[in-house]
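First to last, the protein sequences are chains V and P. Going by the working numbering, 68 is the number at position 68 of the first sequence; the sequence numbering is gapless. Going by the working numbering, 1215 is the number at position 215 of the second sequence; the sequence numbering is gapless.
Heads up, none of these hints are tricks.
Sample of chain V residues at the chain P side, in silico, Cβ under 10 angstroms: (1) K6; (2) S12; (3) K20; (4) V94; (5) Y102; (6) S103; (7) Q183.
In case anyone wonders, no lab produced these hints; they're calculated from the structure. Where is the CB? At the ideal position from N, CA and C, for every residue including glycine.
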Amino acid sequence: MASSSKESLKKSIGRSVGKKFIMAMTGLFLLVFLLIHLIGNSMLIIDPSGETFNAFVEGMTHNPMIRIMEFVLLFGFIFHIIDAIVLKIKNRQVRSVRYKVYSQSANSKFQSRTMLFTGLTIFSFLLLHIYQFVAIRRIFNADITMFDLVRETFKDPIYIGIYILAFILLSFHLNHGFESAFQTFGLNSKKYTPILKRAANIYSYLVPAGFTAISIFMYIN
Amino acid sequence: MKVTLNIWRQKNVSSKGRFETYEVDNIDEHISFLEMLDMLNERLLKNDQEPISFSHDCREGICGACGLFINGRAHGPMRGVTTCQLHMRMFNDNDVITIEPWRAKAFPVIKDLTVDRTALDKIMQGGGYVSVNTGGVPDANSVIIPKLIADEAFNSAVCIGCGACVATCKNASASLFTAAKVSQLALLPQGYPERKYRARNMIDVMDGLGFGNCSNTYACEVDCPKEISVLNIARMNREYLKSIFVSLYS
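The whole structure should be built from the sequences, with the hints applied where relevant.
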């Protein structure tokens, strides 16, 4: 009979498939966060005076549950990024001689092959984003409402350009990541996968499009 | 028809390889790719040159011995065929064709285009087997299996172990191969005794042999000559999840 040597959580997570589970789990968590973030941002359009948005931000800042979730989110990002790098290091070592001709575009999607690139680019944008919208108010204690800060930031067309570019890359990242997470969990079937693929497409186009539309709306107003 | 071939030549495991260019003329477009290489080898032998080494056996697309990386694709540009079933009519006159061995650290090149795929056998030894009772031959059909399940298991069992999935994967992952083997046994009652640990044990061996991680690009499914679905990888992941829960909480 097959060996049934003692299993530990460390071992289970350490295997290739275990690392992929961490990737998928943190990825799905970040997907939910992104949707909540978009709902918050949509208040910029619903009430152009900014009062609703500011009230929402204040409510979030003083909600202890949200403060705890901030830490969970931070760890979600950290695990997602470190795990990706660990997986990539192993994947870089699998071929000592590379193919001279390698027609990858013939059998796989561009977004599935560029996850680390899109991911790291989004991460650098995230650092800029945290500096602009979190650090300025919380660390440097700037006396400005979130709405005014958003309005000021989105006056700069260069920033809008960076913002849109980041969301285009995020769209690629989500397109593969959403669907891929379910495959990793083993939730792939002939019946439900086509529906899931459509959901992944809708999510990965609509959510970044929503963020982009709000930024353009803020620029115009 | 006439083609120009860029072929990887490598003396042995430890030597450094290089590409060499050959021209082959007067090819009947209905001959197979391997027959075209046979033509070239006959010429090389006639000229007292070392023939090109490549693996082949049945030449009917069922044994899994052949496997060449042709113009950047495992088994060439056609879907659902092995290299031996690829015919020259798939190419154009005066085409330049690059032929490389399967490239993966787990598949060392033995010579030219021949690679050592023992790593796949080792994965099988990790858990790709079933326990059987000794004694008399059991009656046929004594174990009833619904047709739907039998068909599904068969779809996984059609894997010929050629290694195209590893060769074409950007991470040289053996996930599709391992998943097909896990699946065929997970679906059938004969595979139940070892089921709890099978996925875990086979994945352990797979990881240890230097194959990469699956990143769900699904290139393997496209280049698999038997068109084995990535649904098998999802099934392997499910089996793995079950297996670690069983091990951790029992």
